[in-house]
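> One-letter residues, chain by chain:
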Amino acid sequence: MHELSIALSIVEMATEESDKRNGATVDAVHLKLGRLSGVVKDALLFSWEIACQGTTLENSRLEIIEVPVRVHCENCKTDRTLAEINNFSCPVCSEPTPEVLQGRELEVTALEIIE
Amino acid sequence: MTQTRLVEVRQNVLKHNDVLARELRERFEEAGVFVASFVSSPGSGKTAFLEKTLTLLKEKYRVAALVGDLATENDAARLARSEVPVKQIVTGTICHLEAQMIENALGDWDLNELDCLFIENVGNLVCPSSYDLGEALRVVLMSTTEGEDKPLKYPTIFNTADVAVITKTDLAEAVEFDSQAAHASIQAVRPGMKIFEVSSKTGAGMDEWLQWLSGNFNNLKSKI
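One line per chain: the protein sequences are A and B, in this order.
First residue of the first sequence? That's 1 in my numbering, and the numbers climb one at a time after it.
First residue of the second sequence? That's 116 in my numbering, and the numbers climb one at a time after it.
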């Protein structure tokens, strides 16, 4: 399980941002999490509380925005969303869709700061 | 009165690793060394396959390996039998390799003296998928004894790999391995991925693998 080290990295990032704002309290961290990122949402949420202990982020929330996998279907000449990550084929025409457009995100997008 | 304000940040969580991996990739390319990493579940035969690959390649090429393990140096000791430079990375409790560990392990190795460097990741089909190591090629291995639907259970690692190797084909008959089903599973999670079938024990399939692999590092040499 590498979610704890990911959670610690996010805490570190948020702490740096808080420091830049004279130690403003971070109420929540918004994270984009792609379904192909290799990070499990529940494990990350479980790790969050532990990662925040003893930091300025104690009692903060981690708001996870899950990003589905989008692929390009060459046959339909259009982009599609995949329902499952173990079937890379067009949900409409069933042709294989190797080209991944989104779904690998692991990105902090915003912080909710208390002023 | 306190109020909550939303501050936009936009930062990749693995930025530090990605930046370091990019620097490593540039270093490898400049030195003309082709870097391939191996990922698989524990016990799928990474070390045996690597040992065979190193032994057969060293006749013609200058090769070396970095091997990751949680607790022991057994793999490096095994690979030392191939008589090529090998270094062990003991990760402690960490379940995957990161770019920083590769940089540290390279130490004083002169990359210009190498044609190909192999990185054996910790046996784990989940965690290594998120970490770029600066490699040119990510090889995912699965053995005939693991079940043909392994790629469907661990789609992320198979999707992030460039080539798949099915190992232990000498055991295929005994475990009634269905090669066609395994190929279909791999293609479902990574359409178009090249697949090799090998036996590190008998050497079956090694020629095809090595020919394809060495074609990759000859290509790299011709670019610099």
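There's no promise every hint is true.
Below, in silico cross-link-like pairs of lysine-lysine (DSSO-like), each with a Cα-Cα straight-line distance of 30 Å or less [stated by the list, open to error]: (1) B:LYS173 - B:LYS202; (2) B:LYS338 - B:LYS173; (3) B:LYS202 - B:LYS309; (4) A:LYS41 - B:LYS268; (5) B:LYS338 - A:LYS32; (6) B:LYS268 - B:LYS316; (7) A:LYS41 - B:LYS130; (8) B:LYS130 - B:LYS338; (9) B:LYS130 - A:LYS20; (10) B:LYS268 - B:LYS309; (11) B:LYS175 - A:LYS77; (12) B:LYS175 - B:LYS316; (13) B:LYS175 - B:LYS309; (14) A:LYS77 - A:LYS32; (15) B:LYS202 - B:LYS338; (16) A:LYS32 - B:LYS175; (17) B:LYS130 - B:LYS316; (18) B:LYS175 - B:LYS336.
To be clear, the hints were calculated from the coordinates, so they are not data collected in a lab.
> Run the structure past the numbered hints and jot down the numbers of the failing ones, going up.
5, 11, 16, 17
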